[in-house]
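Colleague: As a plain string of letters, each chain reads:
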Amino acid sequence: MCARKASANVVAKAVEPALPAEEAAARAYAHDRDLTSHHFSLDEHPIVRIEHLNKTFDGHTQVLRDVNLDVWPGEVVVVLGPSGSGKSTMLRCINLLETPTAGHILLKDKELTGLSASELSKLRQDIGMVFQGFNLFPHLTAKENVMIGQTKVLKKSKEEAEAEAIKQLTDVGLADRADFKPAQLSGGQQQRVAIARAVAMHPDVMLFDEPTSALDPELVRGVLDVMRDLAENSGMTMIVVTHEMGFAREVADRVVFMEGGVVVEQGKPDDVFDHPQNERTAAFLGNIE
Amino acid sequence: MARLLAAFAVALACVAGMGVAFAAPTEAFALSTNKATARPNEDGGDGVIGGIETRLTWEGTVGGDEEVSSVTLELADGGNFDGSTTRVTVLDGLTRIDIDSEVSTDGNLLKVKFADPIPANSLLRIVVEGMTFPAAGGEQVVSGSYETSGGESHALDDSNAIDTISNTPLQQAVAWLDANPAVQAWNSNRFLGMFLKPQLILTSLSSLFPGWVLCLGIVCAAYPFAILLGLAFSLMKLSRHKIVRAIAITYINLLRGTPLFLQIYIAFFGLPMVGINISNNLLGICVMAINSSAYLAEIFRAGIQSIPQGQYEAAASIGMSRMQTMFSIILPQTVRRVIPTVTSDFITSYKDTSLLSSVGVMELMMFAKNATSVSGNITPYVTAAIFYLIITLPLIKVVGIIERRIERSERGAGPRPVAGQDAGSATDELEAAGASHAEAIERTGLGAGTLEPAFAEEGGVADVR
Ligand SMILES: Nc1ncnc2c1ncn2[C@@H]1O[C@H](COP(=O)(O)OP(=O)(O)O)[C@@H](O)[C@H]1O
Ligand SMILES: [Mg+2]
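If you read the sequences in order, they're chains D and B. Basically the numbering used here = 1-based index in the first sequence + 15. Basically the numbering used here = 1-based index in the second sequence + 2.
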């Protein structure tokens, strides 16, 4: 249909096969126990597993090098790192907007890497994504933006979809803007509609790629409040790339610091912020603060 | 047919004349009607209009043994000889005979009384200037009667029928203009009279009308097909499959790279050669549809590619399939973006139907050409221009309004998201698509203009990050 790069049916060259679910869960448990303030038990499995993820653009620019990360149900992971360190690429690999060059992405122990386009589009509804540039559908109203996934993908009736849309827009404080087109909304409002659109699909995990970077400073707060509400009251599993250190410190269960396509350091927010183990982390945090 | 009968009658009359010793006088053939003709009085045409003055010429032959003392011509009710001037000519062989005559008229009757009876075997010609046929129009025959020198009265044969046109309000208006001194003064200016003769504007508006309707009909019938074909080829050109893409590129480039004029000739002269006979109008529709589809395919392709990559990603991230994304997200946005360019293309196609006149499609240009060759005046062409402009000027205005509205809705409200910057350059590309079409079309009439596709290669838009 279109010659875009979203084609994801290229089987990633496996470095080594993905681990069996039980073994992976046991390993992740042991690895992550002290790195996150999120509470999880031995009989739980990570909801997202990133194993040996490698991504090379144009055959030579290696952007991700052997990234490993497990995210637990209900956990909020904030990814920090300088620009160009591969944070966006990692996030986009998780829902296969970018095809991994090697490695595995698993959602609820089901491998996404190597799926056909149609299988993939089904599974993508379980991974919500919020973009830096909002990417609302400009020809649809706020309400229709939230409804379209309901009717087209979940095949809900128009009435059900509308009810869900109104509920989600109310949750982000925009019930009164339901019939506005994106162009009539402020950036902050647009981003909240985008969050409502993703949440309305009731995904297992939400990915946020610098959701407030394109916003005027006074609009950042509203969006962060919606995200905090989502984390604290809905127990949503979230992977958030952001430069908002306050948000990271207060809301994150775990902070992951990336640089040069590798995870340099990860841990509980207070540990990473107050006692960074790696000098590059320290330098980065020092520059920011 | 009537003329043949008349000739036959003359022949019979001669036979009768020669066989006078044996035959009883056959009065019926004493004055036989040869023919009746009328001078065209239609402005810019060759028709004879009822109710407007014209010239009637009537000719008859006197039989071999008779002399005729008076002739009465009669028109159908509504015809009028009053106020006309009549010239009577009598010929004996090739020599003209001077005979005084007295003409009297009474409505649809005209009587010519000869001072001396006109001799046998002479030819009688009566030319009536300034008479009128019945305003209702229709086939007119001239009948009447004559008197022989012997005082006998006989009916004349009916003449051949003269086709006349009914005198419409339009014809009356033209007659009024003809008589108007201001119009006469206007027309006496060489330029105004040649390009903007009011009478011809009026009559051309009516006579070119069917051509205009056909133009509109052709382009309106062709365009929906052009849009569907164009959309199909634009999607094919964006396909992931190399062969599908190659087919679309070949189709689009062949049609964009050759003049429409040539395509028309190939279709209209080529297809009959291989036994495919399609009516002119239908074939015209097909050629216009196919030609436009190539340009529309490029417009749609550029439009589709002008939609930022983020739209595909957002759709994918909520689980929409490729098809759903295309038809629910991408195409609706594309439609709004391409409306101005497509409207411009429609204007071009509408104007280009004029090329079909070269192969005998009875469209506007064809009628204008005919009207000009009959009248020897350029005004019908100017009138054709009016017909084209009736459609194109409002559409040009509409394009401007839509363009401004899109500009406002895309750039106006709220802070611009970063991803939206993709749209700017892509819209420029879209405009390039429209521009290159216009340029291509301009060349079609003149000859082959080689066209270099003015587009970035595929993915050019997609790769903007
Ligand atoms: N589609 C692409 N093609 C080529 N290089 C890319 C592409 N996307 C990202 N990159 C490169 O990958 C590196 C990491 O990018 P990104 O993941 O966006 O970093 P971050 O989000 O951490 O700023 C950058 O050097 C960038 O130029
Ligand atoms: Mg980024």
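Read the hints as simulated data drawn from the structure, not as lab findings. Treat each hint with caution, since some may be false.
Unchecked claim - Computed spacing ranges between beta-carbons, pair by pair: (1) H258(D) x V246(B): 52 to 62 Å; (2) R236(D) x S241(B): 26 to 36 Å; (3) S241(B) x E174(D): 52 to 62 Å; (4) S241(B) x D124(D): 29 to 39 Å; (5) H258(D) x K353(B): 15 to 25 Å; (6) H258(D) x E409(B): 25 to 35 Å; (7) S360(B) x L169(D): 37 to 47 Å; (8) T71(D) x L391(B): 53 to 63 Å.
What the hints assert, rightly or not - Which stretches of chain B does chain D cover? Using the computed rule of at least three CB atoms under 8 Å from a CB of chain D, they are: (9) 61-69; (10) 314-323.
What the hints assert, rightly or not - From chain D, some residues computed to sit far from chain B (all C-beta separations above 12 Å): (11) E31; (12) Q77; (13) E113; (14) G143; (15) F146; (16) Q147; (17) G148; (18) K182; (19) A209; (20) D244; (21) G275; (22) V279.
Predicted, not measured: the structure shown is a model, and the values here were computed from it. Note that beta-carbon positions come from the ideal geometry of N, C-alpha and C, so glycine has one too.
Colleague: State for each hint whether it applies.
Modeller: Each hint, compared with the structure:
no., hint, result
1, H258(D) x V246(B): 52 to 62 Å, "violated, 44 Å"
2, R236(D) x S241(B): 26 to 36 Å, "violated, 46 Å"
3, S241(B) x E174(D): 52 to 62 Å, "violated, 37 Å"
4, S241(B) x D124(D): 29 to 39 Å, "holds, 35 Å"
5, H258(D) x K353(B): 15 to 25 Å, "violated, 56 Å"
6, H258(D) x E409(B): 25 to 35 Å, "holds, 33 Å"
7, S360(B) x L169(D): 37 to 47 Å, "violated, 58 Å"
8, T71(D) x L391(B): 53 to 63 Å, "holds, 60 Å"
9, 61-69, "violated (count 0)"
10, 314-323, "holds (count 10)"
11, E31, "holds, 28 Å"
12, Q77, "holds, 18 Å"
13, E113, "violated, 10 Å"
14, G143, "violated, 7 Å"
15, F146, "violated, 6 Å"
16, Q147, "violated, 6 Å"
17, G148, "violated, 3 Å"
18, K182, "holds, 17 Å"
19, A209, "violated, 8 Å"
20, D244, "holds, 21 Å"
21, G275, "holds, 19 Å"
22, V279, "holds, 25 Å"
The structure is inconsistent with the numbered hints 1, 2, 3, 5, 7, 9, 13, 14, 15, 16, 17 and 19, although it conforms to all the rest.
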